[in-house]
Amino acid sequence: MNELEISEVSRVFPGAGGRPPVVALQPTTLKVARNDFVTILGPSGCGKSTLLRIVAGLDKPTTGAVIAGGREVTGPGVDRGMVFQSYTLFPWLTVRENIAFGLREKRLGEKEKWEIVDDFVEKVGLRGFEAHWPKQLSGGMQQRTAIARALANDPRVLLLDEPFGALDNQTRALMQELLLGIWEREQKTVLFVTHDIEEAVFMASRVVTMTARPGRIKSVTPVDLPHPRHYTVKASPEFSALRLKLTEEIRSEALAAAAEG
Amino acid sequence: MQPLEPIPRRARIALGILFFVLFVGAWAIATLGGFVSPTFLADPVTMVKDGVYLLTEQGFLADIGVTVWRVVGGFVMAAAVAVPLGIAMGAYKPVEALLEPFVSFARYLPASAFVPLLILWAGIGELQKLLVIFIGSVFQIVLMVAVAVAATRRDLVEAAYTLGADDAGVVRRVLIPANAPDIAEILRLVLGWAWTYVIVAELIGASSGIGYMIINSQALMATGQIIFGIIVIGLIGLVSDFAFKWLNRRLFAWRLA
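Note that the protein sequences, when read in sequence, are chains C and R.
So for the first sequence, my numbering puts the first residue at 1; every next one is plus one.
So for the second sequence, my numbering puts the first residue at 1001; every next one is plus one.
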């Protein structure tokens, strides 16, 4: 069964001040099966974030529709958790309270709520930092909290919009392993937007590449590397072959985007 | 001196006090040195003597109490109306569209110009004093709170929606806590302005309060008393400002962490 069906979704932003409208996303169709891990790879401005925001219900498609769990998406919902590229922890709440935000909205019992929270604190390795405010955390810790906050709600689909984009390389690699480890253990349908080719291959069951603006899907590449994946897989010939293939695809799009300015 | 370079805490306090000393020193030289006639400006010693006289003989403490009560009363009334209204304006665009033009206009109506009208409406009792402060503060608070709330980070609001918050939940659990420190800061600022309005209200048609004492002292040419009254206002302002800052630091520690 498909957890997520994106059918002919396009997005046109109206032109401001007499300028022509901007086509951010051409009609796009994508089906995501339950527990699939799909990464969406494309140059900046290809509409990949727009697509993710439409799936999240934070933006409305100009045409087409998104069906999540059998129901058409009309707005944000607890069935689709989201992790943003910008640090979006609530600064007035501690790590623990941030993770509990959605559970409180669900009106869960106190005991059950904190059990779930502490479980996720453990899973993302933030023991000892529960009482810290976001400002006291590093970028990597903040994103780990954001992932825990989204997962604690037990969404059917987890959406991630370049969640590690602002992190340094070493932290990013650790975060990839952490998220992948959680996915391998818990199984979850994941849509992960990135512009980092290595990240896209390492994380994914399938890599979807997108063309330069106006964006549309260019190719879908299955990644058959075995699980559990260890970071050393990045040095394997299979991994290199996939990376090269995708690099070539993305490179031509980046060139096209650069030529257009 | 290097721009933006912090200085040690003790040096900061010492420099802060130094200027007060310089100020009083200059004042003492100008008056005690005979450069300024005592008719126009009392010297510091006379001022202190007048102050002691006011406090011990004239029951000035009661006047101070009345004035503080008026400021706090009028200000609390204004805040109770303006903060919820400002949050509603900041959060909901139709409310903003409805009220913003009027509030922007009303903000420029000088509270002091309402004094004669308010005497007509409310007499010269306490209500009139409270209303002056209310009118002077309420529109300022509404507008500033609305601006702060409207500028809430969009991504925090979106995050709350994806976590299952509904519209009311976003207002209650994101817009209000996110802006609480700014709202407290706005209140601190406007409370300072409220002090100006209360004195204006007391200069006209009052029979008690610091402003009343000041206008009375003018008739007696007692410049020492006037200066003492002004300094008392300044001191109360300073104390309330410190208290507000201290409270804000306690309440909103997450901001400073």
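Keep in mind that the hints are not guaranteed to be accurate.
[Stated by the list, open to error] Among the chain R residues that face chain C by a calculated CB cut under 7 Å, a handful are:
(1) Glu-1158
(2) Ala-1159
(3) Thr-1162
(4) Ala-1165
(5) Asp-1167
(6) Ala-1168
(7) Val-1170
(8) Val-1171
(9) Gly-1192
(10) Trp-1193
(11) Trp-1195
[Said to hold, decoys possible] No farther apart than 27 Å at their CA atoms in a straight line, the calculated lysine-lysine pairs in the DSSO-like style are these:
(12) C/Lys-135 / R/Lys-1049
(13) C/Lys-135 / C/Lys-113
(14) C/Lys-106 / C/Lys-60
(15) C/Lys-106 / C/Lys-123
(16) C/Lys-135 / C/Lys-123
(17) C/Lys-60 / R/Lys-1093
No wet-lab data here; the hints were simulated from the structure.
Just so you know, even glycine gets a beta-carbon here, dropped at the ideal spot from N, CA and C.
Hint by hint, here is what the structure shows:
The beta carbon of R/Glu-1158 comes within 5 Å of a beta carbon in chain C, closer than 7 Å, and the hint placing it at the interface holds. Checking R/Ala-1159 against chain C: minimum C-beta separation of about 4 Å stays under 7 Å; hint holds. The beta carbon of R/Thr-1162 comes within 4 Å of a beta carbon in chain C, closer than 7 Å, and the hint placing it at the interface holds. Satisfaction of the interface hint for R/Ala-1165 is found here, the shortest Cβ-Cβ separation to chain C being roughly 5 Å, below the 7 Å cut-off.
At a threshold of 7 Å, the smallest CB-CB gap from R/Asp-1167 to chain C is about 10 Å, leaving the interface hint violated. For R/Ala-1168, the suggested interface contact is broken, since its CB lies about 11 Å from the closest CB of chain C, more than 7 Å. Proximity of R/Val-1170 to chain C is violated relative to the hint, the smallest CB-CB distance being about 10 Å (cut-off 7 Å). The restraint placing R/Val-1171 at the interface with chain C is violated, with a minimum CB-CB distance near 13 Å, outside the 7 Å limit.
At about 26 Å, the closest approach between the beta carbon of R/Gly-1192 and any beta carbon in chain C exceeds 7 Å, and the interface hint on this residue is violated. Because the beta carbon of R/Trp-1193 sits about 27 Å from the nearest beta carbon in chain C, more than 7 Å, this interface hint is broken. For R/Trp-1195, the interface hint is violated, since its Cβ never comes within 7 Å of a Cβ in chain C; the closest pair sits about 30 Å apart. Proximity of C/Lys-135 to R/Lys-1049 is assessed by CA-CA distance (about 52 Å); at most 27 Å being required, the pair is judged violated.
Proposed proximity of C/Lys-135 and C/Lys-113 is supported: the alpha carbons are some 24 Å apart, at most 27 Å. Under the criterion of a C-alpha separation no larger than 27 Å, the hint pairing C/Lys-106 with C/Lys-60 is consistent with the structure, at around 25 Å. At roughly 21 Å between alpha-carbon atoms, C/Lys-106 and C/Lys-123 fall within 27 Å of each other, so this suggested pair holds. Using a Cα cut-off of 27 Å, the hinted pair C/Lys-135 and C/Lys-123 holds, with the two alpha carbons roughly 21 Å apart.
Restraint check for C/Lys-60 and R/Lys-1093: the C-alpha separation of about 20 Å stays at or below 27 Å, so the hint holds.
Going through the hint list in order, the structure does not satisfy hints 5, 6, 7, 8, 9, 10, 11, 12.
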